[in-house]
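Novice: Chains as they are written, first to last, in the numbering used here: chain A, 1 to 331; chain B, 1001 to 1331.
Please note that the accuracy of each hint is not assured.
What the hints assert, rightly or not - These stretches of chain B come out as covered by chain A in the derived footprint (C-beta under 8 Å, 3 or more residues):
id: 1; segment: 1175 to 1188
id: 2; segment: 1239 to 1251
id: 3; segment: 1272 to 1285
What the hints assert, rightly or not - Take a look, some chain A residues computed to stay more than 10 Å from chain B by CB distance:
id: 4; residue: 51
id: 5; residue: 59
id: 6; residue: 168
id: 7; residue: 228
id: 8; residue: 244
If you're looking for bench data, these hints aren't it; they were derived computationally from the structure.
Ideal Cβ placement from N, Cα and C applies to all residues, glycine included.
2 protein chains.
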Amino acid sequence: MSYNIGVLGASGLVGQEIVKILEERDFPLENIRLFASERSAGKTIEFKGKKVEIEQLTVAKAKESELLLSSMPSGISQEIIPEIADSNTIVIDNSSAFRQVEGIPLIVPEVNREAIPEQPEIIANPNCSTIQLVLVLKPLADKYGLDEVVVSTYQSVSGSGQKAVEALREESAEQLKSGKKQAKYYKRPIAFNLLPAIDYFHGDGFSNEEVKMLNESRKILGDPELHLNATCVRVPVYYGHAESCYLKLNKDFKLVDIKDLLAAAPGVRLYDDPEKAEYPEPVLSEETDETLVGRIRRDRVNSRALNLYITANNIRKGAALNAVQIAEELV
Amino acid sequence: MSYNIGVLGASGLVGQEIVKILEERDFPLENIRLFASERSAGKTIEFKGKKVEIEQLTVAKAKESELLLSSMPSGISQEIIPEIADSNTIVIDNSSAFRQVEGIPLIVPEVNREAIPEQPEIIANPNCSTIQLVLVLKPLADKYGLDEVVVSTYQSVSGSGQKAVEALREESAEQLKSGKKQAKYYKRPIAFNLLPAIDYFHGDGFSNEEVKMLNESRKILGDPELHLNATCVRVPVYYGHAESCYLKLNKDFKLVDIKDLLAAAPGVRLYDDPEKAEYPEPVLSEETDETLVGRIRRDRVNSRALNLYITANNIRKGAALNAVQIAEELV
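Chain A with its partners taken away, still in its complex shape:
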């Protein structure tokens, strides 16, 4: 089976990566069309040695494709995707617009591919920080049950798009040169600094990114009561998110079994020899599509609790790659 494919938001950081991954993985496609806003229309992106021109997105043109991979702002997605998606045009959407909509599957193929229905119309791609977390949680949830998950993230600027990547570069260069700290993308400077603020804030003090991690993990793991507490922090790193994770399991465990389980988990690589300086790092995620897990250790007080440290490439597994993997499930 082979599709007419379209990429919506093709000029963005994730959109470009989707095109690259479709080529890398030799995705079975009839043809590829690229769509973006008026501003990017006319630009070209190379695909398998040919230059493909970006077209201005319209509903009519998008509906000519059978399968669309979309990475556009949430508001635009919410407006336009329901007009596009139907049984003849499946949309895999990277925005947060439909993730919590009942009946719309939220998929990490290694974790819950069985939740993709026979005749999907919209399939939601989860938030980057959720994807790498549930990949690691899933085998532990299945074998031991999750009593509680406390996670603090260390999220790279590429999660905010190309402009944030450039801002980190510019702010860093400026500060190295003149010592000046000036915010060029976020409300506050990010170079050599940390911002515990990702997305907008809810009335109860949680950021929307933190709320996403709770709600999306619950939906993907099929555990609507899951006790998960997240703190999301932006760090001066270009690519790759890290997560410090404290877990309480419902059953006793042997640490060696946990390591074996994670070593065998699809999409996950056990990378855990701290004395040899082998632990997950965001820069390592630039070189691999695997989610790295390390720093595995049992809590010194509660024998049913353990720590993990997780990194993954937020643009690839956290977004573009996961979307393409969902598409592969449909083929």
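Using the hints provided, position chain B relative to the given structure of chain A.
Specialist: Below, chain B alone, put in the same frame as chain A:
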């Protein structure tokens, strides 16, 4: 009362800051002498407009001072400080050498000044990441009792000393120029990266920094059973440590009472209006000696759990300032 003061390890990042803070706070001293290793002997540091020459440290010379503030590597401290300290020469030691020794007080003045004995010989200054944590935990422990503390740190490179600060600068400049990622201080690159590895690793997988946070918090808070779980991560920030903290209390609480309590806590400033981009940041700790606390929110599942986010200047409150404050308690 006024002392003959000496600073051991005066040429280091913390040593220099101690000299600066003694001047800033107009510490009542008769005279000041500066000591360091042979390598730094002969260099001068300015104190109140005068150049003070650094002397090579010997036990005999050090014993001529009545009060010594010391910031030297742990091994050297372990060896030499017991020879120096006695009832005529009190040593306030910033190393980890004596922190867990029974009978040696481990002091954060705002938290446990009452643990300083009448006739101290050695007083230990806690680890940087512990100091800012216990400042915030203390009022909550007193009023509600701590059931559990889960903390993930974001620690700046200055905690490793001047060479690490320079390495971050050099690595960052190099990467901006050529894209090359080369470790110049730690085992792995720190520029635009994260390293979940601070100090050596224990057999059970915890890093020594994580173990310090557990053991030192227990000693300072006087709660040898405290359930605290720490993950310590080095981040590409020059000055200021951040801590993402999840707490379970033993009693019900109102969030407004927690905020009032922290707003009134000595050495702590409530800085918590995320919608106005007011949250603790390490760069803010370059401008204040207060420990900032924000992002305060009740967990969505467990009503007795809450999150906090804490930053402080690791070189000042986390080391030099706390040492000088201990000295002030003796005056």
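Novice: Checking each numbered hint in turn, tell me which of them this model violates, lowest number first.
Specialist: Hints 6, 7 and 8 contradicted; others consistent.
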